[in-house]
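Work out the full structure: start from the sequences and follow the hints.
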Amino acid sequence: MKITTTKKGRLTVLGAVAIGASVALAGCASGDPLDSGSGESASGDALVVGSQAYYSNEIIAELYAQSLEEAGYTVEREYQIGQREVYVPELEDGSIDVFPEYTGNFAQFLDDSVTEGSPEEVEEALAAALPDGLTSLPIAEANDQDSYTVTQEFSEENGITSLADLEDYDGTLTVGAPPENETRPYGPPGLKSVYGVDVQSTGIDDGGGPLTVKALLDGSVQLADVYTSSPLIAENDLVVLDDPENLILPQNVVPIVSDRVDQGAQDAIDAVNEVLTTEDLQMLNAKSTEDKETSAAIATEYLTDKGLL
Amino acid sequence: MNYLLDALGWIADPAHLSGPDGIPTRMAEHLLYTLVAVALASLVAIPAGYLIGHTGKGRTVAVALTGGVRALPTVGVVFLLALLMGIGSTPPVIAFVVLAIPSVLAGAYSGFEAVDRATIDAARSMGMTERQIVAKVEVPLGLPLLIGGIRSATLQVVATATVAAVVGAGGLGTYIFRGLRSNDYVQMLAGSILVIVVAIVLEVVFATVQRLVVPAGVTAGRPTDSRAPTLRSRASETPLQEGTQ
Chain A
1 MKITTTKKGR LTVLGAVAIG ASVALAGCAS GDPLDSGSGE SASGDALVVG SQAYYSNEII
61 AELYAQSLEE AGYTVEREYQ IGQREVYVPE LEDGSIDVFP EYTGNFAQFL DDSVTEGSPE
121 EVEEALAAAL PDGLTSLPIA EANDQDSYTV TQEFSEENGI TSLADLEDYD GTLTVGAPPE
181 NETRPYGPPG LKSVYGVDVQ STGIDDGGGP LTVKALLDGS VQLADVYTSS PLIAENDLVV
241 LDDPENLILP QNVVPIVSDR VDQGAQDAID AVNEVLTTED LQMLNAKSTE DKETSAAIAT
301 EYLTDKGLL
Chain B
310 MNYLLDALGW IADPAHLSGP DGIPTRMAEH LLYTLVAVAL ASLVAIPAGY LIGHTGKGRT
370 VAVALTGGVR ALPTVGVVFL LALLMGIGST PPVIAFVVLA IPSVLAGAYS GFEAVDRATI
430 DAARSMGMTE RQIVAKVEVP LGLPLLIGGI RSATLQVVAT ATVAAVVGAG GLGTYIFRGL
490 RSNDYVQMLA GSILVIVVAI VLEVVFATVQ RLVVPAGVTA GRPTDSRAPT LRSRASETPL
550 QEGTQ
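Here the protein sequences come in this chain order: A and B. Take 1 as the starting number for the first sequence in this note's numbering and just add one per residue. Take 310 as the starting number for the second sequence in this note's numbering and just add one per residue.
Don't read these hints as lab results, they were simulated from the structure. Any given hint could turn out to be false.
Result set (SDA-like, lysine to any residue): computed pairs, CA atoms no more than 25 Å apart in a straight line [to be verified]:
1) A:K192 - B:R490
2) A:K306 - B:D330
3) A:K306 - A:R77
4) A:K192 - B:L389
5) A:K306 - A:D267
6) A:K292 - B:L389
7) A:K306 - A:P189
Residues of chain B placed beyond 10 Å of chain A at every Cβ, according to the derived structure [claimed, not checked]:
8) H325
9) P356
10) L360
11) G377
12) V448
13) R487
To list a few chain A residues with every Cβ distance to chain B over 10 Å, as calculated [unchecked claim]:
14) E78
15) G82
16) P138
17) Q145
18) E182
19) D206
20) L303
Values in this document were obtained by computation on a predicted structure and should not be read as measured data. For every residue, glycine included, the Cβ atom is placed at its ideal position computed from N, Cα and C.
Dropping the structure here:
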């Protein structure tokens, strides 16, 4: 009996502690812990710019942020916010106002029936799939997507500049790609059904990085799946094969903005997006991966260069 | 439980039992990596280990070196070598040889060390040359521990040979990494199960071989022997425990 009483007593104490803690936490929740500058009058109007935990995405976010500041807006930066599952709810509830996204993947995240299309079609599909309160601004020419690349030499020798040219190539074609390529719609089965090309896949697990490119340069593989924004493309004079049938889902850079982003702010973001090309993105990424510059320095340099600062 | 059943179903699926990506091919690649790596490691480590064991010199250096090598992450070694040499089967084989050497080396020298000093002195007093002592006393008596070292090296390589797949060099790791990257956990688990099966089969083979090579009347390498434990047999158990970690 004594033991039972002690247990009950402990439970009561635990319960009291739990309730106390909940009340205390609830008190905290009424103030937004992320809203650090709520004391100042200006920051009430501050636009929050977010980015994924992906260095290239952060650079784009910083481009938007600095362009907004140049236009006179106050900006708060919330960078490196992991995956879509985390930041999309924040976009929806208005905690973030500006977020650089990629058309195909984001459209697919919102509506998994989006599986193919031209850049414009995917842009429209994305606009249609966006929840109320969010808008997509016009896409940039820049994209960051899987691509099949070949060496300059291979391209010239065989007259191959497009995936459609591969059908006439005599000889076996092997693609060096991350292991998942084999099962993706744009992988070997897609190349076969859309372009009539038989390719074998060699899984190289470095995300289209240096090892994949080395395998391509060594001739171990004839094709390599490299992201279009990769600095390795320019560095090694690789040729990105055209994809006239849109086998690969386009991933153009697209700013997603909340209703708080007014016309002036939209224009400031558009100004960046209008000039941003895939080659620019490669160059900006190289400054981060090779020269180890910060996203802020990279953005300032680029915007100054383009006459936007 | 569902995943497990699905994985077993995946293994039994006739579509996965043939072709260049079929289970027999991948398993053969996996076994070939293991055998080649352990064979090459033995070629290097057994003479070196015998030299250390017989002379008693260089043990500290060998222990420090192999200890350091054990700490090398094999997947990193594979990537590094592939960046230097290009993709293909050479970088993984070298990395697996590096992985296998410490265990084989330890088995070789501790096999010699486990031989009772009195036995060696007796052999010497009978007029055996150093060469004869090595060939007729130390090698046969140290054999169980050497096989133990090769056994644990094999087990390590079988488990680690999965990383050959990260540089497109095949093996059972192909299923594991492809499954991992495309969220196909059934395929991933199937690959893991196949690796486990290969490991268990090799273990049984080695356990049998290890029993068979024990010369009559020798207790070393037979930890389960009911005879009174001696210093010799206790010393001989150490590398076995190390290997099974």
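Comparing the hints with the structure gives:
For the given pair, A:K192 sits about 22 Å from B:R490 by alpha-carbon distance, which is consistent with the 25 Å threshold. Our distance criterion of 25 Å between C-alpha atoms is broken by A:K306 and B:D330, whose separation comes to about 50 Å. With a C-alpha separation of about 22 Å, the suggested pairing of A:K306 with A:R77 holds against the 25 Å cut-off. For a cut-off of 25 Å, the pair hint linking A:K192 to B:L389 is broken: about 33 Å separates their Cα positions.
Annotation: proposed proximity of A:K306 to A:D267 holds, straight-line Cα distance about 15 Å (limit 25 Å). The hinted pair formed by A:K292 and B:L389 meets the criterion: a straight-line CA distance of about 22 Å does not exceed 25 Å. Annotation: proposed proximity of A:K306 to A:P189 is violated, straight-line Cα distance about 42 Å (limit 25 Å). No beta-carbon of chain A comes within 10 Å of the beta-carbon of B:H325; the shortest separation is about 14 Å.
Even its closest Cβ contact with chain A, about 35 Å, leaves B:P356 beyond 10 Å, as expected for a residue assigned away from the interface. At roughly 38 Å, the least C-beta separation between B:L360 and chain A is larger than 10 Å, which holds for a residue marked as non-interface. For B:G377, the condition that its CB be more than 10 Å from all CB atoms of chain A holds, with the nearest at approximately 25 Å. Listed as outside the interface, B:V448 is consistent with that label: its C-beta sits roughly 43 Å from the nearest C-beta of chain A, beyond the 10 Å cut-off.
Under the 10 Å C-beta cut-off, the non-interface status given to B:R487 relative to chain A is violated; the minimum distance is some 4 Å. At the 10 Å boundary, the C-beta of A:E78 stays outside the reach of chain B, the nearest C-beta of that chain being 28 Å off. Listed as a non-interface residue, A:G82 keeps its Cβ farther than 10 Å from every Cβ of chain B; the least gap is roughly 17 Å. Against the 10 Å criterion, A:P138 stays outside the reach of chain B, whose nearest CB is about 33 Å from its own CB.
Against the 10 Å criterion, A:Q145 stays outside the reach of chain B, whose nearest CB is about 17 Å from its own CB. Its closest Cβ contact with chain B, about 6 Å, brings A:E182 to no more than 10 Å, contrary to its assignment away from the interface. A beta-carbon of chain B is positioned within 10 Å of the beta-carbon of A:D206; the least distance is around 7 Å. At roughly 35 Å from the closest C-beta of chain B, the C-beta of A:L303 stays outside 10 Å, upholding its exclusion from the interface.
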